[in-house]
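Please construct the entire structure, taking both the sequences and the accompanying hints into account.
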Amino acid sequence: MLPEIGNIFLIISFLLFSAQLALSFKFNSLDLKYSFFDVIKRLSFFSYILVLTSFFILIINYVSSDFSVLNVYNNTHTNKPLIYKITGTWGNHEGSLLMWLSVLSLYGLLFLIFIKNLPKRFAFKVMATLALVNLGFVGFTVFTSNPFIRTFPIPSEGLGLNPVLQDPGLAFHPPLLYLGYVGLTIPFSFSIAALLQGEVTREWAKWVKPWILISWIFLTLGITLGSWWAYYELGWGGWWFWDPVENISLLPWLLTTALLHSVKVTEKREGLKSWTILLSILAFSLTLLGTFIVRSGLLTSVHAFASDPARGIFILTFLVIVTAGSLLLYGIKLEKIENKKNIYLVSREGGLLLNNIFLCASAITILLGTIWPLVIEATTGQDISVGAPYFKIVFLPLIFPAIFLSGVSINLNWKVTNLDYLYSRFWKLMIVFIFLVSIYYIIYDVPVLILLGVAATIWMLLSVIGDFFSKLHDKSKGFKINLNKTKKIRLSIYGMYFAHIGVAVFILGVSLSEGMKTYYQGVESLNSKIHVENFTITFFKLDKFKKENWFSETGTFLVKKNDNEFKMKAERRVYLDTGMPSTEAAIKRNFFSHLYIVMGQEQPIGSGKRIIRVYHNPHIIFIWLGAIIMAFGGVVSLIDYRKSFFRKL
Amino acid sequence: MLLIKKILLTLLLLFVFTSLAKNIELEKEKMRKLAAELRCVVCQNQSLLESDSQIAKDLKELILEMYMRGKSESEIKLFLVDRYGEFILFKPTFSFNNIFLWLAPLFSFLVLSFIASKKLSFFKREK
Amino acid sequence: MKLLKFLPLIIFLIVSIFLYNKIKYQKELEPLSSALIEKKFPSLKIKSLDNNDNINDFIKNKFVIINIFASWCAPCRIEHEVLKSFSEEYTIVGLAYKDSIENIESFLLELGNPYKKVFYDFSGKESINLGLYGVPETFFVNEDSKILYKHVGPINKMEFKKIISGIIH
Numbered sequence: 001m002l003p004e005i006g007n008i009f010l011i012i013s014f015l016l017f018s019a020q021l022a023l024s025f026k027f028n029s030l031d032l033k034y035s036f037f038d039v040i041k042r043l044s045f046f047s048y049i050l051v052l053t054s055f056f057i058l059i060i061n062y063v064s065s066d067f068s069v070l071n072v073y074n075n076t077h078t079n080k081p082l083i084y085k086i087t088g089t090w091g092n093h094e095g096s097l098l099m100w101l102s103v104l105s106l107y108g109l110l111f112l113i114f115i116k117n118l119p120k121r122f123a124f125k126v127m128a129t130l131a132l133v134n135l136g137f138v139g140f141t142v143f144t145s146n147p148f149i150r151t152f153p154i155p156s157e158g159l160g161l162n163p164v165l166q167d168p169g170l171a172f173h174p175p176l177l178y179l180g181y182v183g184l185t186i187p188f189s190f191s192i193a194a195l196l197q198g199e200v201t202r203e204w205a206k207w208v209k210p211w212i213l214i215s216w217i218f219l220t221l222g223i224t225l226g227s228w229w230a231y232y233e234l235g236w237g238g239w240w241f242w243d244p245v246e247n248i249s250l251l252p253w254l255l256t257t258a259l260l261h262s263v264k265v266t267e268k269r270e271g272l273k274s275w276t277i278l279l280s281i282l283a284f285s286l287t288l289l290g291t292f293i294v295r296s297g298l299l300t301s302v303h304a305f306a307s308d309p310a311r312g313i314f315i316l317t318f319l320v321i322v323t324a325g326s327l328l329l330y331g332i333k334l335e336k337i338e339n340k341k342n343i344y345l346v347s348r349e350g351g352l353l354l355n356n357i358f359l360c361a362s363a364i365t366i367l368l369g370t371i372w373p374l375v376i377e378a379t380t381g382q383d384i385s386v387g388a389p390y391f392k393i394v395f396l397p398l399i400f401p402a403i404f405l406s407g408v409s410i411n412l413n414w415k416v417t418n419l420d421y422l423y424s425r426f427w428k429l430m431i432v433f434i435f436l437v438s439i440y441y442i443i444y445d446v447p448v449l450i451l452l453g454v455a456a457t458i459w460m461l462l463s464v465i466g467d468f469f470s471k472l473h474d475k476s477k478g479f480k481i482n483l484n485k486t487k488k489i490r491l492s493i494y495g496m497y498f499a500h501i502g503v504a505v506f507i508l509g510v511s512l513s514e515g516m517k518t519y520y521q522g523v524e525s526l527n528s529k530i531h532v533e534n535f536t537i538t539f540f541k542l543d544k545f546k547k548e549n550w551f552s553e554t555g556t557f558l559v560k561k562n563d564n565e566f567k568m569k570a571e572r573r574v575y576l577d578t579g580m581p582s583t584e585a586a587i588k589r590n591f592f593s594h595l596y597i598v599m600g601q602e603q604p605i606g607s608g609k610r611i612i613r614v615y616h617n618p619h620i621i622f623i624w625l626g627a628i629i630m631a632f633g634g635v636v637s638l639i640d641y642r643k644s645f646f647r648k649l
Numbered sequence: 650m651l652l653i654k655k656i657l658l659t660l661l662l663l664f665v666f667t668s669l670a671k672n673i674e675l676e677k678e679k680m681r682k683l684a685a686e687l688r689c690v691v692c693q694n695q696s697l698l699e700s701d702s703q704i705a706k707d708l709k710e711l712i713l714e715m716y717m718r719g720k721s722e723s724e725i726k727l728f729l730v731d732r733y734g735e736f737i738l739f740k741p742t743f744s745f746n747n748i749f750l751w752l753a754p755l756f757s758f759l760v761l762s763f764i765a766s767k768k769l770s771f772f773k774r775e776k
Numbered sequence: 777m778k779l780l781k782f783l784p785l786i787i788f789l790i791v792s793i794f795l796y797n798k799i800k801y802q803k804e805l806e807p808l809s810s811a812l813i814e815k816k817f818p819s820l821k822i823k824s825l826d827n828n829d830n831i832n833d834f835i836k837n838k839f840v841i842i843n844i845f846a847s848w849c850a851p852c853r854i855e856h857e858v859l860k861s862f863s864e865e866y867t868i869v870g871l872a873y874k875d876s877i878e879n880i881e882s883f884l885l886e887l888g889n890p891y892k893k894v895f896y897d898f899s900g901k902e903s904i905n906l907g908l909y910g911v912p913e914t915f916f917v918n919e920d921s922k923i924l925y926k927h928v929g930p931i932n933k934m935e936f937k938k939i940i941s942g943i944i945h
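Residue numbers (this note's numbering), protein chains in the order written: chain A, 1 to 649; chain B, 650 to 776; chain C, 777 to 945.
It should be emphasised that the hints constitute simulated quantities derived from the structure, not laboratory data.
Even glycine gets a Cβ: it sits at the ideal position worked out from N, Cα and C.
Some hints here could point you the wrong way.
To be verified - Which bits of chain B does chain A cover? Going by a derived footprint, with three or more residues having C-beta under 8 Å, they are:
id	stretch
1	689-701
2	718-729
3	752-762
Next up, the structure:
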């Protein structure tokens, strides 16, 4: 009975959203009656609740292992621990889509809570846009990917979950990422509503900013967690593979980062209005594009879901309607919302604009590189690959100037910065910068790329410190620093500092680990010794035993470094339900560095020899640490922005 | 006489082996560098270098062997492309077909700068 | 300058045309490797089990189906039945990959022999010239020793017939 209820709830919500949309078109919002507005509000409230309920029903089906539901049968097994029964709900196409919908509903409800502070005409338009997006996704779920379809005869046992997904990572990575992606629907709806109204105001920017920030925080955390998960689970020793789906997930993040900066300009200076609107439309469209690419199985990727052309066509149609419609509207209304005022190059907003150019150029490049195989296939019929080496070459020249410029613009004033003032501020920073970089170079004598990365880190940190101290200056007392002023600095400024420090730490991690990593691969028999860096690794023993729901082969490695000796255990699992293998790398942390051992299968079979791969990744922890500091900065700013939720627009 | 011959032969072999051993490390390094830029044709988006699959192992051995025979990187790439297609190259060729791909960073930067330049003024406005 | 306003729209539409194209024309019979299709069968140093024939000489002037297999490969066993059912109609040639004479002989003894001739590549090195991904793989080669089609993975009867009728056109 339960699955049918879930199904019916989804269908009802589909009808309700259609009704809401039809009503919104029919009645001109100009003659909004209070009661009518209220009806619309309740309609959407009710639909959101229905969607959320159906998601809980699916979770219940998973927990109770109801194999009469096809989706449950395909994706779980009774021998799973409870946590993986729950997370298994979104470990597949249909379930994850329903989770996507539920997150959309959560945001919808959150929006309804704060709706009373908005002008009715505006709120009405936002609700209509939200209804359209919801309609598309509910339709997609119900008609092409219904998770509640029954199967008969009822199987006695399920097929099990992909072993890579049987991991705590699945509990957090998709929900966090979806909270980020789906959150972008709100800025998108705000932008469409603003375009329809034909005006973008500073108040509008204040209202939309926290929503952008929420998405950005979740996107940052979600991508970071995904990277960490891939690092320890795939056993490839790397943290980013330039896989098509990774790239596609990075694009909304890059654009949201750009958007955060440009909405700031709109808020403070009423500038870059059309740019802010365009970015929020594109960031949202890119999440749709990402959904499309992942769900239709267009590109070879580690994230592949079972592909189905019908799904692809549906979501592509939806993507085109929503995006082309929005961009058309944007083109028509552009002149109306555009601010005629120019931006002076040497000012905070000028710096932010330049910085934005680099961020967006890198996003365009990544997008083009990701879909380029499709372009070549369509035009010449050839199959080609565009992988990590390409992205590394093109991404670096775009991201380094962006980092340099963001360091500069932190230290610029809004509106206009006097060149003399700029000079007086930067010459000290420059001297310290050059001094520190040369010291580093003299001590460590590293290759150019590492030096560049370290220099970028130092520059970023110095610019944050420089701005902090300038804020503490008492202008009247010359060089004296007044510590009492620390309390006067707004919380959102501290948030900004943290976010940029996070970027600095991240870059440090990337350049050090990428530049100095070492790698060993070989086929080893028991008791053979491997030398990596100054570690001596002995393949000590191999145990085979059965665990919860997998068969384990655990290799124990004796690692010696100078006088320090420790054991590491690398596991290779074969899951009993699916028969699929997975690797659990042995990772030993030493300060911020990792020694990473992967034990592969026997080769050749019966020889007792194993493929062993060893990675030494120095300072790699800074990568994730930096990203978490970034997100923390976002949270700090959000605390400061919370007031704008309650502000009357 | 025979003894001298034997000693000479041993010395010669020793010399050959040591120089070979030195060489092999160098060539191995070259092989790893190239393998990182090649796709493991049977895996999901994994490079040849990191793949444990049978065919990846064979291909790596083959690349090493070709380097040892004095083949250049471009010759080896050509050899593999002839057999596996350009699909195997993670770094696309600098060919006319890929001109937009390689110009993308510059091109998108220029277009965006052009659009932005219309909004920017480079000299201070009067207040 | 009017156009600049709609630049994002235009770019987006171009991108979606390519996406649509890819979805719409996903080929049904997609050869994994197009590199060797329509090319001449490479000259290989591959001999038959009895050491009498070279593979290039043997396939000259006939339409042949070359099946790369191994006794240790499980999908090959399933495929073997399919090959047997077509062995009367077509010239099927076997190429044993990374195997040993004893194992091949007992494999063929156990499952029957659909091959006109069995060749061997025990090191697996020569097969790389065929752009091999793994076993089994099947090549369809015409009278001029041109490779018309390559099938990766075990082939079933339906696919076999489809390929044959596709090639004849």
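Tested hints:
With 7 residues having a Cβ less than 8 Å from any Cβ of chain A, the stretch 689-701 of chain B passes the three-residue criterion, so the hint holds. Beta-carbon proximity to chain A at under 8 Å applies to 0 residues in the stretch 718-729 of chain B; the threshold of 3 is not reached and the given coverage is violated. Coverage of a stretch by a chain is defined here by at least three residues with a beta carbon nearer than 8 Å to that chain's beta carbons; for the stretch 752-762 of chain B and chain A the count is 6, and the condition holds.
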